[in-house]
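Chemist: From first to last, the protein sequence lines stand for chains A and B.
For the first sequence, the numbering used here gives the first residue as 1, with consecutive numbering after it.
For the second sequence, the numbering used here gives the first residue as 1, with consecutive numbering after it.
Keep in mind that a hint or two might mislead.
[Unchecked claim] To be clear about the criterion: a stretch of chain A counts as covered by chain B if any three or more of its residues have a C-beta under 8 Å from a C-beta of chain B, and this derived list gives those stretches:
#: 1; segment: 69-81
#: 2; segment: 145-159
[Claimed, not checked] Label pairs and their computed distance ranges (CB to CB):
#: 3; chain 1: A; residue 1: Glu59; chain 2: B; residue 2: Ser37; range: 39 to 47 Å
#: 4; chain 1: A; residue 1: Glu59; chain 2: B; residue 2: Pro52; range: 23 to 31 Å
#: 5; chain 1: B; residue 1: Pro52; chain 2: A; residue 2: Ala62; range: 38 to 46 Å
[Said to hold, decoys possible] A few chain A positions that, by computed beta-carbon distances, are all more than 10 Å from chain B:
#: 6; residue: Ala26
#: 7; residue: Ile45
#: 8; residue: Leu52
#: 9; residue: Glu65
#: 10; residue: Thr66
#: 11; residue: Leu85
#: 12; residue: Phe93
#: 13; residue: Leu109
#: 14; residue: Ala162
#: 15; residue: Lys175
Hints are computed from structural coordinates only; laboratory data are not their basis.
Note that the Cβ used here is the ideal one computed from N, Cα and C, for glycine as well.
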Amino acid sequence: MKTFLKNITIALLVAAAVPAAAQEAADLSDTEIAHVAYTADTIDIRYAHLALAISDNSEVQAFAETMIRDHTAVNEQALALLDKLGVAAKDNFLSQSLNEGAAAKRDELAALQGDDFDKAYAQNELAYHQAVNDLVGEVFIPNIDNAEVKSLFEAGLEIFLAHQAHAEKMVENLK
Amino acid sequence: MRRAITRRSVLRALAATPAVLPFTLGRAAAHNGINHSPQTHEIAISGFAFDPDVLVAKPGDTVRWTNHDIAPHTATAVDGSWDTGPIAGGASAQITVNADMHLDYFCRFHPIMNGSLKLEELR
Numbered sequence: 001m002k003t004f005l006k007n008i009t010i011a012l013l014v015a016a017a018v019p020a021a022a023q024e025a026a027d028l029s030d031t032e033i034a035h036v037a038y039t040a041d042t043i044d045i046r047y048a049h050l051a052l053a054i055s056d057n058s059e060v061q062a063f064a065e066t067m068i069r070d071h072t073a074v075n076e077q078a079l080a081l082l083d084k085l086g087v088a089a090k091d092n093f094l095s096q097s098l099n100e101g102a103a104a105k106r107d108e109l110a111a112l113q114g115d116d117f118d119k120a121y122a123q124n125e126l127a128y129h130q131a132v133n134d135l136v137g138e139v140f141i142p143n144i145d146n147a148e149v150k151s152l153f154e155a156g157l158e159i160f161l162a163h164q165a166h167a168e169k170m171v172e173n174l175k
Numbered sequence: 001m002r003r004a005i006t007r008r009s010v011l012r013a014l015a016a017t018p019a020v021l022p023f024t025l026g027r028a029a030a031h032n033g034i035n036h037s038p039q040t041h042e043i044a045i046s047g048f049a050f051d052p053d054v055l056v057a058k059p060g061d062t063v064r065w066t067n068h069d070i071a072p073h074t075a076t077a078v079d080g081s082w083d084t085g086p087i088a089g090g091a092s093a094q095i096t097v098n099a100d101m102h103l104d105y106f107c108r109f110h111p112i113m114n115g116s117l118k119l120e121e122l123r
């Protein structure tokens with residue numbers, strides 16, 4: 001089980017281009033897990049803003065707008081729930097690693113233009129959602145204690161799986 | 001001696017049968033296809049799917065989509081001729097069915113979501 005968790009964490013970090021050591025994501029508390037999820041949402045929103053600034057492709061732009069719309073909606077729900085529970089999301093090693101990796105990936109994407117950017121953005125979206133979905137589904141959800149937080153993550157996973165399918169189609173269309 | 005049939009006598013006779021008149025007129029009108037009582041049909045949006053994904057309705061009916069997901073959705077004609085606009089989580093939007101409308105629709109934000117309406121003709 002530990003090896004499995006480590007592999008998933010590594011997959012997530014690799015997708016975000018983070019050369020960080022894999023640690024036990026399963027040991028994170030609910031508020032730390034919430035912080036990771038909020039961070040992951042925000043990272044994808046920033047990728048999307050980059051796509052809107054660089055891409056002229058209508059499919060890529062529509063996808064990016066959907067990422068902003070959906071991840072913002074999820075984050076609003078998460079903040080509302082944390083507020084209701086009277087707790088705050090807690091920063092942790094995984095959130096920090098994700099942010100570092102995302103900064104590097106943004107620099108990499110920002111150096112591209114045209115079709116090269118579109119393909120790289122689409123492939124990153126697919127890999128990123130696959131990795132996050134594995135982490136959320138296999139590690140976070142089984143280890144969340146609070147029922148309402150767990151329920152929100154299950155609803156979020158449903159959204160991100162749809163994004164993954166959407167990204168997969170976008171990658172195909174851009175070949 | 002025959003009684004003259006006057007406008008007043010006809011009205012008096014009709015007034016004596018209040019329950020029959022609407023029924024009779026209703027049947028006649030329905031037969032002519034002009035007395036369809038518009039209905040409201042509900043479609044739930046849940047788990048990134050329209051439920052039901054195929055809905056039978058008549059011209060004049062209302063179709064209402066209610067979004068149970070967190071993510072906003074739309075119901076948008078495939079040819080773009082009609083669009084509910086964004087439906088936020090927990091919100092609803094509706095359209096009125098007409099005989100000439102395009103029947104296949106999707107979610108503009110999530111193109112993997114598809115649905116269709118089927119027209120039942122007025123009788």
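Chemist: Which of the numbered hints above does this structure break?
Modeler: 5, 9, 10, 14
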